[in-house]
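Based on the hints, put chain B in the right spot on chain A.
These are the residues of each chain, in order.
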Amino acid sequence: MPLPYYVSPEQMMKDKAEYARKGIARGRSIVTLEYNEGILLVAENPSSLLHKVSEIYDRIAFAGVGKYNEFENLRIAGIRHADVKGYSYSRGDVTAKALANAYSQALGNIFTQDIKPFEVEVLVAEVGDDNGGKSEIYHILYDGTIEDEKNYAAMGGQAEEIRRFLKDHYQSAMTLDDALQLGVRALSVTQNKTLTERDLEVAVLDRTKERRKFRRLPPEALSQLLGTAK
Amino acid sequence: MTDDRRLHPFHDYVESSFVELLRRQSPHLLPGAEPVPGASDAPHGTTVLALRYRDGVIMAGDRQATAGYQVASRRIEKIFKADDLSGVGIAGAAGPAMEMAKLFQTELEHYEKVEGDNLSLDGKANKLGQMIRMNLQAAMMGLAVVPIFAGFDEKTGLGRLFKYDITGGRYEERDYDAQGSGSKDARDSLKKLWKREMPRDDALRTALEALIDAADEDVGTGGPDLVRGIFPTVKTITRSGFGDVADDEIRRVCEAILAVRTTAGNGS
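From first to last, the protein sequence lines are chains A and B. Going by my numbering, the first sequence runs without a break in its numbering and finishes at 230. Going by my numbering, the second sequence runs without a break in its numbering and finishes at 1268.
Bound-form chain B, shown alone:
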């Protein structure tokens, strides 16, 4: 404890923040601290989306990372559990985005442990905005990170979702949103398919339809890979917590969607 703190008891008002702790103690560990020009060829994550349904929010993302015209990875995960009641879907430069997701997880857990209480959903959303703003310099050099944040708000009993711009601007979306290179196509698809108070199965199908549409139109986005058995990631966030949707179920729904499209000749 420094003498400074004894003299000003409440001077250190960011006691519970892990990001502030790193900034004080090990600033070199903060993402975006030393931006490098010309890193825009780094792998980029492509499409993530979130939509509200009856019990909360569904988040989904494809599995591909793309560097220029090359596939950098076919199996990356883009939807991360932030804490028990919220998740982050990352789009943009994959490296910094994953680092940011990890930092955000630690931030929420750190706060919870120090304070003995959870942050409100708005508090979490604001904190993520501040972290994106920290990355602004790197974003201007091609390493933008633009996540979607979604969670279950215990106060209102509803699922809520937020999107961000590269300056850390935070915008709450009511019903659904998508982010990343295939986001426009995914959003178009969601616009047609989304309905109020959808049950879980419909919401899951809607999310996968939108991802398949995005993969159809956007070269960066990976579709369901039947040969290798790689399928999009889907997570649900409800009152009872952050849950996985099993791979088998995702495979079944994907196959059903593709079967319908094959017989109907959609998009040919």
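For reference, chain A alone in the conformation it holds in the complex:
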């Protein structure tokens, strides 16, 4: 076996991180906002069939940016984790925290052990219950770094600018309508065109719903919600 060239671990990690960041920066962004009745997820996504935002369990949603096949893989792994856990214990025992930790472990291992790191960032959101339970938003990076976000989160290509915009404009207890307006404005800060319902994929974790809180907002509902402020 030929001896591989020596590369310092530092250099290797740096290269991998740069590679992953470049991949993610090419993709479009996603924002998440808490509003008065739950959590709103807005993704810029021209496809109405290939989803970036989806349901994991009763009160847990998933969003991913970067390479589609990679975050799709993680999404399915998450559904499996949640369904097996809920089936063997009880539905209430499935938490976003455990899931976010599992993602963090998986992405961390892939980052250090595989030649190619995953070019993704994922977000796990859990809506609190009616009895004043707090909502949780976890943001997991390509190298397994996990952040617990308050009120809002952004990830993807221009996440930094979007986050700055949200920091200045976010208010607590917004209505769904206001939160959606803000989310769409946040996604458009980095570009010149205005985003219409055709460029967006929007879903909510709606606290007022029965058991399964996840609900997609179809284009008709979106144009109505976006149109009301005009």
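Honestly, the hints are just simulated from the structure, not real lab data. From the three backbone atoms N, C-alpha and C, an ideal C-beta is built for every residue, glycine too.
In silico contact screen, one side only, chain A against chain B (beta carbon under 8 Å); selected entries:
1. Glu55
2. Ile79
3. Asp83
4. Val84
5. Tyr87
Here are the simulated distance ranges between beta carbons:
6. B/Arg1174 <-> A/Gln113: 57 to 65 Å
7. A/Ala173 <-> B/Gly1157: 37 to 45 Å
8. A/Arg212 <-> B/Asp1165: 31 to 39 Å
9. A/Asn192 <-> B/Arg1024: 43 to 51 Å
10. B/Glu1115 <-> A/Lys14: 35 to 43 Å
11. A/Arg212 <-> B/Ser1017: 15 to 23 Å
12. A/Gly227 <-> B/Ser1017: 35 to 43 Å
13. B/Arg1239 <-> A/Ser48: 18 to 26 Å
14. A/Ser8 <-> B/Glu1115: 44 to 52 Å
15. A/Gly227 <-> B/Glu1034: 54 to 62 Å
16. B/Ala1067 <-> A/Gln224: 50 to 58 Å
17. B/Leu1029 <-> A/Ala173: 35 to 43 Å
Chain B alone, transformed into the frame defined by chain A:
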């Protein structure tokens, strides 16, 4: 991800099935995996039925579980929501049957989440058949599970119902069916009372008449319990989803049926 999957990209064609996932990862969680001989004294659910009406299907079941000659429970539920447009009524060994209903619910939800789309009604009915077949060994030892599956078929716009045998055989029934120890009496009753395109109220009354007849003739089946205030469960499945019939309404209809029978002296 294993190397095996990289080499054979479509090898793993059961990606979206929760049952297959359990079989791979935690086979001990599958019901019927370790059948125990001589468990036939375990509580058994008794009578469930389903019938078609104008808007879809009505499912109903009594509330009693019976172990041998004893009442094991007076309040169990036998009609479970499978997903928004279908339900399962369980008869047979209560423990494995409820486990199967839970597994079936998870299976449908898992598929829906992974694929982003619902299974067809035929797909759901077939899957339940396969799950009953998994339980065959336990069934031979006295723990048979024989559910009724009913749902609203979005493709045809009709309510449909299926019955099963212990080997997983699936038979579609056109109009009505009953399952469990009181099923023969319930079916006889339905045979006389069922009519095509019944409105909801008539269908509800027919379902309860059949259950009361079953409770009358079959020792395992529980009738309306006026003392404790326990009444049969009734669910409707229509285009707009799986719905409960309120306890108050069921109580009213039961009392009306019993009042008619008292004055007319039926069955005395």
